[in-house]
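Asks: Chain residues, written in single-letter form:
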Amino acid sequence: METSTTTAKVKIHLTTRSEDIQLPVETGPILVPTELRRYQLSTLVNTLLETVQPVPLEFLVNGQFLRTSLDEYLTQNGISAETTLNVEYVKALIPPLHVASYEHDDWVSAVDVLSNSARAAQTSRSDDLIPERILSGSYDGTIRIWNMSSEVVATGAAHTAAIKAAKFLSPTQVVSAGIDRTLRLWKYDDAAVGSASTLTATLELYGHKSSIDNIAVHSPSSRILSASSDHTVGVWSTRKNDAPAAPESLLPIANKRRKLSNTTQRPQRGPLSLLSGHQSQVSDVCFDEKDATVAYSTSWDHTVKTWDLTTSACVDTRTTAQSLFSILHLPETGLLATGTSARHISLIDPRASATVISAMTLRGHTNAVVSLAQDPNSNHQIVSGSHDGTCRVWDLRSVKQGNAEKTGESVYVIERDSAKGRKRPEAGDGVKVFGVCWDKDVGIVSGGEDKQVQINKGSQ
Amino acid sequence: MAQRAGQKRKVVEVPRPEEDSGVDEELDNVVLNGALSDDGESEDEFSTEDGDGDVDGDEDELDDDEIDSDEIPSSEDEDDIRGQMEKLKTNGRPKTPPEKLMGSDTGHDINTFSPETPMKPLEVEGKKRRTFTRIDVDANGEPRYIYDEIEPNYDSDDSDFLVPTNTIGDIPLTYYDEYPHIGYDINGRRIARPAKGEALDSLLDSIDIPEGWTGLTDPNTGKPMQLTGADLEILKKLTRNEAPGEGYDPYPDMVEYFTGKGMEMTMPLSAAPEPKRRFVPSMHEHKRVMKMVKAIKEGRIKPYSKPTEADREREEAEQDFASFDIWANEIPRPDHPMNIPAPKLPPPGYEESYHPPPEYLPDKQEREAWEQQDEEDRERYAKLVKEKFERCLDLYLAPRVRRSKLNIDPESLLPKLPDPNELRPFPSVCATIYKGHEGRIRSLSIESYGKYVATGGDDGTVRVWEIVSGKQLWRIRLSSSEAVNQVSWQPSRETCIIAACCGEQVHFIVPQGEICNPEQDRRSREVLDSGFGYAASNATKTAAGVDKPSSANWLRPSQTLQDKGVLLTITLRSSPKTLAWHRRGDYFSTVSPSTTSTSTAVAVHTLSKHQTQYPFRRLKGLAQTVCFHPSKPLFFVATRQSIRIYDLQQQRLEKQLQPGAQWISAISLHPLGSNLLVSSYDKRLLWHDLDLGATPYKTLRYHSKAIRSVQFHPSLPLFADASDDGTLQVFHGNVMGDSLDNATVVPLKVLRGHKVVKNLGVLDVEWHPREAWCVSAGADGVARLWT
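Quick note, the sequences are listed as chains U and H, same order.
Its first residue numbered 1, the first sequence is counted upward by one per residue in the UniProt record's numbering.
Its first residue numbered 1, the second sequence is counted upward by one per residue in the UniProt record's numbering.
Keep in mind the hints are simulated off the structure, nothing from the lab.
Treat the hints with care, since some could be wrong.
[What the hints assert, rightly or not] Listed below are the simulated EDC-like cross-link pairs for lysine to aspartate or glutamate, each with C-alpha atoms no more than 16 Å apart in a straight line:
1) H:577 - H:519
2) U:209 - H:494
3) U:11 - U:103
4) U:457 - U:417
5) U:91 - U:132
6) H:435 - U:106
7) H:435 - U:426
8) U:457 - U:441
9) U:209 - H:519
10) H:755 - U:88
11) U:209 - U:248
12) U:11 - U:26
13) H:632 - H:647
14) U:290 - U:308
15) U:420 - U:103
[Unchecked claim] Per the computed footprint, the stretches of chain U lying under chain H, defined by three or more beta-carbons under 8 Å from a beta-carbon of chain H, are:
16) 77-90
17) 159-170
18) 245-252
19) 359-369
20) 428-436
Idealized CB from N, CA, C, for every residue including glycine.
Model the full assembly from the supplied sequences, consistent with the hints where possible.
Replies: Put into structure tokens, the structure is as follows:
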């Protein structure tokens, strides 16, 4: 009797969705003392798993990460200790710590990472070790490639205006786009140490009538998607030979005073197709992770459109309540994470069978969410960059059922290092984040108004 | 000490210690002895305690010798004594035996044995005191006069009898610590230090506590202080605040020695002699008396005599009321003022009209029985009191008319305003801050696609910003000295032209920096250039037709400006402050409020023809702002206090609105064209329904300072105003399609963030063409996007 009062116990049922940390034997409900905290539970599961090197684990109880002891959790939520708790354990996400910041001349609008684990590297035929490189596009109209010791390896300056998007196509190819309405393909030669790497423009793609705000690349099919302010989504080929000729009217005017002397030397091509249907400027576009013939685009007209790229037709339109600024396809659940102007991320179900448009809402940002990236290690974690000057890491398993919608809270908030711990300025003034990227090797890379590319990594 | 105690006790028992006289001789010796070796005499021993009082004199002396050695007080003892003495000194009161104060009958005894008594063993003057003075032999064998002790009793004149007999004065007794005595008496004899009790002594003391023992030491004599039963009684009374002695009257009658009856002359208040008038009879009294005497003599005053019977009758007759019936022989007459008719008799009351049937009336027997009853017991109507009371209550509490009270919650009378949360979307937080302008931003304009914002300010620059990121994409400095008063994108979507009013010029700018695509750029240039050809071909005609010189010059700017994007400049006579485009973008109107002639205040320009017209020959009032109707050919001109609506096609005044504002700052027409918002510098925002009349439909006074600008949202039911108090206010303003319903106006949000600089807050506000976003331009040099 006395022992039971001193150490109350609760039955927990341990589950996980990760294959590699699956319990060897189905244990069934385990009776554990309620005073256990995350760390003790983690030790317990590690002993059950018989891991050589203990894996730090997090525990999700009813969609909430366990941050207190079990006892306090039960008291806070008014759950009887006699019920069996379904506890899901996940590999703990290590808090991303600031690693380095790369100084730029102007605001950084886009970032991308090339590394062995990056998607751009998957197409590489050679098995060579690809050095880790960070690509940044800036408002000064140049793209830069950095190595990990904060040195500019190569610079590409062919755009006539600010760059809004830049991505690695492959370890040797880069594509960038910007306010000057063109997409430019670059050939990147990563030279061995000692000699200079080069970034040479190889192709100019004309077709948009207004600035290009985002691009998406799919290297296996050598397709590029561009989201433009002229209300269209451009579909482009990375290969010179596939692409049609560029429309004459959109080529730069020759009689302009400012001679673009070198433009004529580069081949100019037009779009494979321009997908029109949006009522307002298209803010972001992405490929379906599983099916490269399907694309999703978000627009300021509050809609998410699903495009069939083979027929260049709009398959489906989902209308939300606010302008959408960014999109990310989550292959595991088939949901689309969209960053909105209403300061949250809403997970939109694009499938025709879906009854609710917004499956979940992630709240926490205080300004427009303009960039999203997925955790390369997990299907459940994403990072978002917002104009409020923070990047936030979200775990989609951490769900709270509100009265009308499911909401989630961020796991970690990454502040800008340039803010130096000061109070966040109003409207993210001076520290807005414009682009974010998450790489397995490099970590979370983000660029913003503070003219810096900031690298954050959870140190193992 | 013990010895003294013993003596005292003995003395109390035996009133007079005369027995000592027999041993004078011995004692005398002892005196000498004591004088030499000081202490011998006083130290006594327990034997005295044991022995009876009668023998103690002898024994004293014997013992003295024996115990000489003991007498040197140990330091501890000294301390004890000193402590005790000090205690007593501070107590003060016990110094004086109370008996003396009270004058009790034991006074004499106490006198003999109180403080003075210590001398007795030395001299035994108890007997001699009776004699007058005697001559003694002193230590040298010479005669010594010993005087009688003055007995300080009530009979004596000595008022100092209370002074302690120790004459050392007010010095600490510690000075005598080294000596066997503690001072000197009135005769210069040493007062021996009292015996210091030893352990056994005190033990015995404690075993057999003598009566009146207090354990205290008299500080003056150093002897134990004893209190008799009478003393204790007195002390007890004193502690109870009672009169100390028996028969003591604390409030005796006052003996009037100098005051009171018969003593007036003894203690006169003034030394002045009594005036004469006190002694002579009064003249006025005499006069009065003489008057009375005269009256009596003349018979005017008669002495009192008892009233006779006749008098009494006469008096009564006088008091009787004499009544005359003036209406006795009344003859009916017609009404006349001089005739008062007899008053009507009142109608019969209850008494007269009560005619119950005989069976209800009491018969003779009953009446007699009733009358024989005691007044108290007579039977009455049983419920009389109760019913009377209830009736009174009714009259008191029940009002004749029931007043129906309206029970209305005042809240319910207010119109039902929808919850702002239901009216989303509307801007609520600042999303972007556009920083870069030096000085105030006077005007801003959002591109028709809603992608770029153009601002113009005091620093003479026009800047183009990316709306969400807040990045300044392009800027041009139009003037280094003059402010850009107004920037405005041309509403057309095919072109990309910004009109900017700077100084006396209106510039038409095609922004560079890849803001517009080549096609837009080309079309914009075409639009701006086309007028040059028209103006050239029609120049002669204009000159021939009208002799009036052209008041506006349409010119190409300098080449450097052309390179920067300024393709056309109009120079007006006076600086235009506002510029309003027609929806098609070909016409625009400028207002120059500061012009000298009212005729050139409002100008309507045609871009395609490079033509400037002044539609008003004479404008009443000072023009402030203008606007074009979105669908009809109507032209709204706001002067300081009124708004006129002109039909451009028929060229006549359509309507005049009187908002009642002192000074109109801006107007905004609803996209449907039937409602007009007017903001004024006198803090008012006025909603005009053009169908309703000349007076405003609603007046909104929510700002604490002048309102600078107001604008309807182009597509959503929203409007916002900007004020000098640094805030913007966002309203929901829903206009119904039909004219049956009035517009609803709901205040939604106050947007704060702009700083007030030199009493200027927010200078301009403009809505995004599609989103519920607005951009505001502040005097603090920043523009803000609110989402």
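Asks: So, for every hint listed, does it hold in this structure?
Replies: Tested hints:
no.: 1; hint: H:577 - H:519; result: violated (31 Å)
no.: 2; hint: U:209 - H:494; result: holds (11 Å)
no.: 3; hint: U:11 - U:103; result: violated (53 Å)
no.: 4; hint: U:457 - U:417; result: holds (13 Å)
no.: 5; hint: U:91 - U:132; result: violated (25 Å)
no.: 6; hint: H:435 - U:106; result: holds (15 Å)
no.: 7; hint: H:435 - U:426; result: holds (13 Å)
no.: 8; hint: U:457 - U:441; result: holds (9 Å)
no.: 9; hint: U:209 - H:519; result: holds (8 Å)
no.: 10; hint: H:755 - U:88; result: violated (51 Å)
no.: 11; hint: U:209 - U:248; result: holds (12 Å)
no.: 12; hint: U:11 - U:26; result: holds (15 Å)
no.: 13; hint: H:632 - H:647; result: holds (9 Å)
no.: 14; hint: U:290 - U:308; result: holds (13 Å)
no.: 15; hint: U:420 - U:103; result: holds (15 Å)
no.: 16; hint: 77-90; result: violated (count 0)
no.: 17; hint: 159-170; result: holds (count 3)
no.: 18; hint: 245-252; result: holds (count 4)
no.: 19; hint: 359-369; result: holds (count 3)
no.: 20; hint: 428-436; result: holds (count 3)
The structure fails to meet hints 1, 3, 5, 10, 16 from the earlier list, while all remaining hints are met.
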